[in-house]
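Based on the sequences and whatever the hints tell you, model everything.
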Amino acid sequence: MVGIICRYSYAVILLVGAVVLSSCGDGLSEPDGGNFILSGGATTILNANSNAFSTPAPNLSGSQLDLHAKGDAEFESKFVAAPAEVYGGLGPVFNSNSCVSCHVRDGRGRPPFVGEEASQMLMRISLPGSDPITGEPLPVPGYGTQLFDKSIFGKRPQGKFRVDWAEISGTYGDGTSYTLRKPLYAITDAYRPMPSNMLYSPRVAPPVFGGGLLEAIPESAILANADPSDANGDGISGKANYVWNVEQSSKSVGRFGWKANTPTLLQQTAAAYRNDMGITSPYFPVESAFGSEQDDGHGDDPEISMKTLEAVTFYVQTLAVPARRNVRDETVRRGEVLFANLGCASCHVPSFQTGVLTNVPEVSNQRIYPYTDLLLHDVGEELADRRPDFDADGREWRTPPLWGIGLTSIVNGHTFFLHDGRARSLAEAILWHGGEAEAAREGFRTIAKEDREALITFLESL
Amino acid sequence: MTLQRLLSTLALLALVFGLTSCSEDSPTGGQETEYEVYLNDFSFKVVVATYNDMRQKGEVLDQAVESFAADPSNQSKLDAACAAWRGMREPWEAGEAFLFGPAEFLSLDPSIDSWPVDRQQLQDVLDSEFDLTPEFIAEGLGPALRGFHTVEFLLFDNGSPRNVSTYTEREREYLVAVVQVLADDAARLAAAWEDGFAQEFANAGKSGSRYRNQTDAVVEIIEGMSGICDEVANGKIADPFDEVDTRLVESQFSWNSLDDFTNNIRSVQNAYTGGYHNGDDGKGIDELVAEKDAALDARLKSEIEAAIAAIGQIPAPFRDNLTATAQIEAAQAAVLKVFNTIENDVKPLFVN
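As given, the protein sequences belong to chains A and B, one line each in that order.
The working numbering applies: residue 1 is where the first sequence begins, and numbers increase by one.
The working numbering applies: residue 1 is where the second sequence begins, and numbers increase by one.
Some hints here could point you the wrong way.
As the list claims (entries may be wrong) - Within a straight-line C-alpha distance of at most 20 Å, the following computed EDC-like cross-link-like pairs (lysine to aspartate or glutamate) qualify:
{"#": "1", "chain 1": "A", "residue 1": "70", "chain 2": "B", "residue 2": "281"}
{"#": "2", "chain 1": "B", "residue 1": "206", "chain 2": "A", "residue 2": "460"}
{"#": "3", "chain 1": "B", "residue 1": "337", "chain 2": "B", "residue 2": "281"}
{"#": "4", "chain 1": "B", "residue 1": "283", "chain 2": "B", "residue 2": "293"}
{"#": "5", "chain 1": "A", "residue 1": "70", "chain 2": "B", "residue 2": "291"}
{"#": "6", "chain 1": "B", "residue 1": "347", "chain 2": "B", "residue 2": "303"}
{"#": "7", "chain 1": "B", "residue 1": "283", "chain 2": "B", "residue 2": "104"}
{"#": "8", "chain 1": "A", "residue 1": "307", "chain 2": "B", "residue 2": "245"}
{"#": "9", "chain 1": "B", "residue 1": "206", "chain 2": "B", "residue 2": "345"}
{"#": "10", "chain 1": "B", "residue 1": "337", "chain 2": "A", "residue 2": "66"}
{"#": "11", "chain 1": "A", "residue 1": "307", "chain 2": "A", "residue 2": "453"}
{"#": "12", "chain 1": "A", "residue 1": "70", "chain 2": "B", "residue 2": "245"}
{"#": "13", "chain 1": "A", "residue 1": "307", "chain 2": "A", "residue 2": "329"}
{"#": "14", "chain 1": "A", "residue 1": "182", "chain 2": "A", "residue 2": "167"}
{"#": "15", "chain 1": "B", "residue 1": "206", "chain 2": "B", "residue 2": "36"}
{"#": "16", "chain 1": "B", "residue 1": "206", "chain 2": "A", "residue 2": "453"}
{"#": "17", "chain 1": "A", "residue 1": "160", "chain 2": "B", "residue 2": "242"}
{"#": "18", "chain 1": "B", "residue 1": "301", "chain 2": "B", "residue 2": "345"}
{"#": "19", "chain 1": "A", "residue 1": "449", "chain 2": "A", "residue 2": "329"}
{"#": "20", "chain 1": "A", "residue 1": "251", "chain 2": "A", "residue 2": "234"}
{"#": "21", "chain 1": "A", "residue 1": "449", "chain 2": "A", "residue 2": "300"}
{"#": "22", "chain 1": "A", "residue 1": "307", "chain 2": "A", "residue 2": "219"}
{"#": "23", "chain 1": "B", "residue 1": "347", "chain 2": "B", "residue 2": "36"}
{"#": "24", "chain 1": "A", "residue 1": "307", "chain 2": "B", "residue 2": "239"}
{"#": "25", "chain 1": "B", "residue 1": "301", "chain 2": "B", "residue 2": "320"}
{"#": "26", "chain 1": "A", "residue 1": "307", "chain 2": "B", "residue 2": "291"}
{"#": "27", "chain 1": "B", "residue 1": "347", "chain 2": "B", "residue 2": "287"}
{"#": "28", "chain 1": "A", "residue 1": "182", "chain 2": "A", "residue 2": "164"}
{"#": "29", "chain 1": "A", "residue 1": "307", "chain 2": "B", "residue 2": "243"}
{"#": "30", "chain 1": "B", "residue 1": "206", "chain 2": "A", "residue 2": "85"}
{"#": "31", "chain 1": "A", "residue 1": "70", "chain 2": "B", "residue 2": "36"}
{"#": "32", "chain 1": "B", "residue 1": "301", "chain 2": "B", "residue 2": "287"}
{"#": "33", "chain 1": "B", "residue 1": "292", "chain 2": "B", "residue 2": "135"}
{"#": "34", "chain 1": "B", "residue 1": "292", "chain 2": "B", "residue 2": "303"}
{"#": "35", "chain 1": "A", "residue 1": "160", "chain 2": "B", "residue 2": "239"}
{"#": "36", "chain 1": "A", "residue 1": "251", "chain 2": "A", "residue 2": "230"}
{"#": "37", "chain 1": "B", "residue 1": "347", "chain 2": "B", "residue 2": "293"}
{"#": "38", "chain 1": "B", "residue 1": "301", "chain 2": "B", "residue 2": "291"}
Keep in mind that the hints were calculated from the coordinates and are not lab data.
Predicted, not measured: the structure shown is a model, and the values here were computed from it.
What follows is the structure, given as structure tokens:
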């Protein structure tokens, strides 16, 4: 059993460090006094090991740190079939039996290896069209909007999915060849017939740290980068996804998930409990399998309390962001310039100033460096899932944050990137970009080898 | 602000200043070989030694349950299997200071040590007609139906071996199969370290290692040590104690909880001193600490011993003594003292 509930607080030190830095004048600080080493502002930790994504924000203390620790424990809780003395209610159909088994060490999931069952990845499904009121994708009758590929004993999983890979080759501008692996998905063992027009979209579990900071970015700051009809003609649109906000019973800007289909971390967490694990809460008190032949009919809902849900939400909101490394390295600096010059930074926007997130002062009013605009972009046919999700069309994905990306290998043991983990390296992830990112990708593909390596070295410093 | 906290603050201030100062320095800190022997001994003489012991004790447990299944009315066979479970449990718990790397990369931690036991599903499986093979358990059932605690549930009742007369044939079949799965998982974990990750960890700072420099690897060891102290004090002991809820006690069927906690602190000791009790003593980071601050090294070692002694003062079994407030709080305090020394005094010696 793993559990890191470390309690230490270095906020003061980091603040002092930022002040020291901003007087340096060596290009590491910005005119606004921000310090781009401290990717998460005062929530940053100086850590480059397996705990880099799973450490409490150093500016937590007292009851806030206790709440984080409670959420940490709940994040690791393994659910079992009902009836049970503790942690009952799993399923009856589900994708995972705990938060941490997909978000291992709060990090990045991966697609299954050949012959392995998927455990850190799921398949969203829907029918064409959307709900006229909420805008949600239409559920598949008897299934819903995600394929539950596991079940408690005695029930049947809705189905399984398999990934096969086809190697495709390409060539860099300097003649060096490379290969990419294209995923081919097959849904098998369906428990009842699937409609032939069913849409599906594979998603690996994204890293969860830094979520509170993203939630604290003012909506106006996100919309300031939006250019849905490309009015400025730079080839980059940037569109906010307006998604259903359950608490407000209205639409608001989506921030979380690969298609920004969720507006808040509370809603995200409640949905993950109900859908990914089949655990009901006061927020979503109805079982995912309700009304289907898979329903267990236990009537034991809600299976977790609002307190638990809020603790886990707070936990995700207040995980630290790891600091950048090697920032003075010449190659890293050159890569950073290339990142901007090639246009990567048009969508992977380096910095934001957070506003105020109610009850979470730790993430409020911070200068952060997430390298995302939280907006949707068309990234081309090759990455298209052809499954609309609220206002995101079948080619659009939310720009994912890049902070901490260089530590994926040390935390999670792999370097599989993009929504379905098809990229086996950062270079492959770039090479898959198309659509609005085609010019940037072509820039990367055709620059000199040392420049490509510099860009990757920069990404590894994040 | 305590003196310890102040010193820690100064050390971290130095760290941040170092990171952000205007002067140039090597991105790897210029410590290419300084810690290599320590990392190597940690990898091989602590971790690989621990996991090889667990692999071997997994085979012992496997043979013991097969022997019981072949002679199902022989209580001494079951008693031997229960002893073998405790034997295998020890190296696992003595490895909880280093669950980074393969245990996580291969999702072996949940497979080996999931808790709670999914008793409802287990009963449903036993009541079914499925062949109870290792393949069926490993591939057809989730992590909650395998591992130490499922085996423990099948072997023990109220801290003692069950009475052989209480077993059904299906239970014995499940026991044999699930122990084989556990032994296989233990073998995979040992192999993942021995055949790859151990050398990579020892090679920190060199090409091919995901550890960018040796300091990051040393800090990984240190945070592993403090992390398990935190979990023992604030999780494993605190969760059932705070709620006075026996259902939250880990290893509650075997009443092995206090041994688990003790072995967890032994894992801190092993990681620190670079050895494992069944193997060669290697060079531990205790030597590095002693070079910098001999008094600190001595203090940490005595605090570790004091924590083990304090856990030993909690009356056994833990599950029946959740109201032994004085002893439990003293044990928590002793373990947290180790945690604080590691985090506030030891770690700052390395992170700059």
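Structure-based check of all given hints:
1. A:70 - B:281: violated, 38 Å
2. B:206 - A:460: With Cα atoms ~16 Å apart, residue 206 of chain B and residue 460 of chain A stay inside 20 Å; holds.
3. B:337 - B:281: Since the Cα atoms of residue 337 of chain B and residue 281 of chain B sit roughly 26 Å apart, the hinted pair is violated (cutoff 20 Å).
4. B:283 - B:293: holds, 17 Å
5. A:70 - B:291: The hint is violated at about 38 Å.
6. B:347 - B:303: Roughly 16 Å between the alpha carbons, so the hint for residue 347 of chain B and residue 303 of chain B holds.
7. B:283 - B:104: Given pair residue 283 of chain B, residue 104 of chain B is violated - Cα atoms ~26 Å apart, limit 20 Å.
8. A:307 - B:245: holds, 19 Å
9. B:206 - B:345: violated, 28 Å
10. B:337 - A:66: holds, 18 Å
11. A:307 - A:453: Cα-Cα ~47 Å, so violated.
12. A:70 - B:245: Holds, because 16 Å separates the two Cα atoms, which is no more than 20 Å.
13. A:307 - A:329: With Cα atoms ~46 Å apart, residue 307 of chain A and residue 329 of chain A exceed 20 Å; violated.
14. A:182 - A:167: Distance ~6 Å between residue 182 of chain A and residue 167 of chain A Cα, so the pair holds.
15. B:206 - B:36: holds, 10 Å
16. B:206 - A:453: holds, 18 Å
17. A:160 - B:242: With a Cα-Cα distance of about 41 Å, the restraint between residue 160 of chain A and residue 242 of chain B is violated, given a limit of 20 Å.
18. B:301 - B:345: holds, 13 Å
19. A:449 - A:329: holds, 18 Å
20. A:251 - A:234: Violated: residue 251 of chain A and residue 234 of chain A sit about 29 Å apart, past 20 Å.
21. A:449 - A:300: Between residue 449 of chain A and residue 300 of chain A the Cα gap is close to 60 Å, so the pair fails against 20 Å, i.e. violated.
22. A:307 - A:219: violated, 27 Å
23. B:347 - B:36: holds, 18 Å
24. A:307 - B:239: Within the cut-off at roughly 16 Å; holds.
25. B:301 - B:320: Not OK: residue 301 of chain B and residue 320 of chain B at ~31 Å, beyond 20 Å, violated.
26. A:307 - B:291: violated, 48 Å
27. B:347 - B:287: Status holds; Cα separation ~14 Å.
28. A:182 - A:164: This hinted pair holds, its Cα atoms lying about 8 Å apart.
29. A:307 - B:243: holds, 16 Å
30. B:206 - A:85: Roughly 50 Å between the alpha carbons, so the hint for residue 206 of chain B and residue 85 of chain A is violated.
31. A:70 - B:36: violated, 38 Å
32. B:301 - B:287: holds, 12 Å
33. B:292 - B:135: violated, 52 Å
34. B:292 - B:303: Satisfied, since the Cα-Cα distance of roughly 18 Å is no more than 20 Å.
35. A:160 - B:239: violated, 36 Å
36. A:251 - A:230: Violated - the C-alpha atoms of residue 230 of chain A and residue 251 of chain A are around 23 Å apart, more than 20 Å.
37. B:347 - B:293: With a Cα-Cα distance of about 12 Å, the restraint between residue 347 of chain B and residue 293 of chain B holds, given a limit of 20 Å.
38. B:301 - B:291: Measuring from Cα to Cα gives roughly 15 Å; hence the hint holds.
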